[in-house]
Amino acid sequence: MPVSSRSRRRDRRSSGIPAVFWVIAAIALAFLVLPLVALLLQVPWGQLGQLIGAPEIGQSLGLSLEAAVISTALSVVLGVPLAWVLARSADWNPIIRRVLRSLVVVPLVLPPVVGGVALLLLLGRRGLLGQYLDAWFGVELPFTTPAVVISETFVAMPFLILAVEGALRAADRRLEDAAETLGASRWMILRRVTLPLIAPGVAAGAVLSFARALGEFGATITFAGNFPGVTRTMPIAAYLALETNPAAAYVISLVLLVVSIGVLFGLRDRWVGGFRA
Amino acid sequence: MTGLEASIAVQRDDFRLDISLAVAPGAVTAIVGPNGSGKTTTLRALAGLTRLTAGRILLGSRTLDDEPAGVHVVTARRNSGVVFQDYLLFPHLSALENVAFGLIARHQPKAVSLRAAREWLARLGIEDVAGRRPAQLSGGQAQRVALARALALEPPLLLLDEPLAALDAGTRVEVRATLAAELGRYGGSTVLVTHDPSDVVDLADEIVVLDRGAVIQRGSAPEVVESPASPWIAGLFNTPPRRSPNLNE
Chain A
316 MPVSSRSRRR
326 DRRSSGIPAV
336 FWVIAAIALA
346 FLVLPLVALL
356 LQVPWGQLGQ
366 LIGAPEIGQS
376 LGLSLEAAVI
386 STALSVVLGV
396 PLAWVLARSA
406 DWNPIIRRVL
416 RSLVVVPLVL
426 PPVVGGVALL
436 LLLGRRGLLG
446 QYLDAWFGVE
456 LPFTTPAVVI
466 SETFVAMPFL
476 ILAVEGALRA
486 ADRRLEDAAE
496 TLGASRWMIL
506 RRVTLPLIAP
516 GVAAGAVLSF
526 ARALGEFGAT
536 ITFAGNFPGV
546 TRTMPIAAYL
556 ALETNPAAAY
566 VISLVLLVVS
576 IGVLFGLRDR
586 WVGGFRA
Chain B
64 MTGLEASIAV
74 QRDDFRLDIS
84 LAVAPGAVTA
94 IVGPNGSGKT
104 TTLRALAGLT
114 RLTAGRILLG
124 SRTLDDEPAG
134 VHVVTARRNS
144 GVVFQDYLLF
154 PHLSALENVA
164 FGLIARHQPK
174 AVSLRAAREW
184 LARLGIEDVA
194 GRRPAQLSGG
204 QAQRVALARA
214 LALEPPLLLL
224 DEPLAALDAG
234 TRVEVRATLA
244 AELGRYGGST
254 VLVTHDPSDV
264 VDLADEIVVL
274 DRGAVIQRGS
284 APEVVESPAS
294 PWIAGLFNTP
304 PRRSPNLNE
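Those protein sequences? They're chains A and B, same order as listed. Remember, our numbering sits 315 above the position in the first sequence when you count from 1. Remember, our numbering sits 63 above the position in the second sequence when you count from 1.
Derived from the structure by calculation, the hints contain no laboratory data. Wrong hints could be hidden among the right ones.
What the hints assert, rightly or not - Under 7 Å between C-beta atoms, here's a sample of chain B residues computed to sit facing chain A:
{"#": "1", "residue": "Leu151"}
{"#": "2", "residue": "Ala168"}
{"#": "3", "residue": "Val278"}
{"#": "4", "residue": "Gln280"}
All values reported here derive from a predicted model rather than from experimental measurement. Heads up, the beta-carbon is just placed ideally off N, CA and C, and yes, glycines get one too.
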C-alpha cells in the first residue's frame, strides 16, 4: 500500500499540473464548448430538411459556397506566387522584407468591417480605382456578387500565404540544386519538385482560406451589402434570420458549424498538431 | 588530355578558394581537408552551383566555365552527376522515380527512363526497393539510389560529396565496395570529397589536400601517407610518429 500511494503521488507530480488549473481548464473548455452545445440543442432537427431546402436558406447556402470556392481559388492563384516571393526574399533588405510580411498579414488582424470600408474606398463608385472602373468600363463592384468574392479573398488570402510560405521555408532548397544537376529546367523543378513538396501546405492553406471565406461577415456586409441571392451569404442570412425566423438562423449556424468541423477534421494533423507544414 | 581540367578561384567575403584539378577519364581524385577548407565549394563550383570568381573548368572538349571570358554553363546543362552528402533524394518520389528523374528531365520517354532506372537499381543490387519512398530506405539503400540517380545519366563528370559519411560502419564497408566496383566500371572523371582515409585508399588515384582554400599537397595515396604535409593530414591517415617512445605497448 505505501508503495502504491507513493508511486501515485509521483505520477501526479510528473504531470506538473496544479490542482487549480484543472478547475480553470474545465471552465475554459466549457466556455468554448457549451455555446455549441446550446446551438445543437436549439436546432429544430425535425424540420431540418425542410428548412435547408427553403428558398432563402438554399439561396444563401449556394451563394456562400460559390463565393467561397471562387475566393479560395483566387487566394491560391494570387497567394502562392506572393508566398514564394516572401519565402525566397532572404537576401533582400530586412526592413523591406519585414514591411512586406506585415502588409500581407494586416487583413488577419484588421477588423473585417474596416476591410470592407477600405475596399469601398478603393473600389466603390467614387473610390480610388472604382471611379475609373465605372467611367471606363461601366463596372460597379459594390453590392454585387464579385464584391462578395473580393471581400472574402481579402480576409482569406493571408491564411493561404502564411501556410504556403511556411511550407516553402521548410522545404529543402538543396533538392532544387539536386534536380538542377540532373538537368531539370526551372519549370520542371517547379512542377516536379517544389510544388509537390509544398502541396500539403497549399492544401492546408486552401482549406483554411475556404473556412475563413465561408464565415466572412464584416467585410462582406460593408462592401457587398445584403441583397438576397446576390450578396446575402450564410453568415449574413443567419444574423438577419435571428430576428425574423430563429429556426432558420439555427439551421444556417449548424451548416456553418458542420463545415468548420469538417475543415478541422481535414487539417487534424497539420493544424491541431501544431500547424507544421 | 581529355577529362576534367579545372582551375577554380572562388572569393567569398574573407575566404578564398584556389584549386586546380586534372582528372583523366576513369580516374578518381579525392579532395581531403579540414572543415571549411573549401572542399564542398570546389564540388559546387564543378557542378555549376557556385560561380567562379576566376578560372576555367574544361570537361573533355567542353568549356563549362571560363570566367575571364564570362562563360558559364548552367548546372542543368553541364551533365555532371552529383551524389550529395545526405543524398537529397526527392522525398515525394519512389526510388525508381528518383533514378529516372534525370532521364525524364532530358526528355527521354517515361517508359524508357523507368526501364533504364530499374536496370540501374538492379545493377546496384537494390531492385527490390524500386517502389519505396526515400523515407522507407535504409542508409545503404538510399546511398545506392543516390549513386544510381547520378550515374543513370552517364555523366562525363561524377562528383561525390562525402558519399559514405552518413552510413554506419558496417554498411559503409559494404557500400564502399559497391562504389569501388562502380567507379572501376565508370568511364568519366570522378572528384570525391571525403574525410575518411579508407575512402581515399580504396577509391582514389590521386589525393589533393586542401587547407583554408589552398592546395597544400597532392599525390598518390602512398605518397601522401608517407610524407603528410600537415599535422591534420598525418592525423587523418594516423601516420605513426617517427620516434614513438612506447612502440611495444
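To test your reading of the hints: which numbers does this structure violate?
3 and 4
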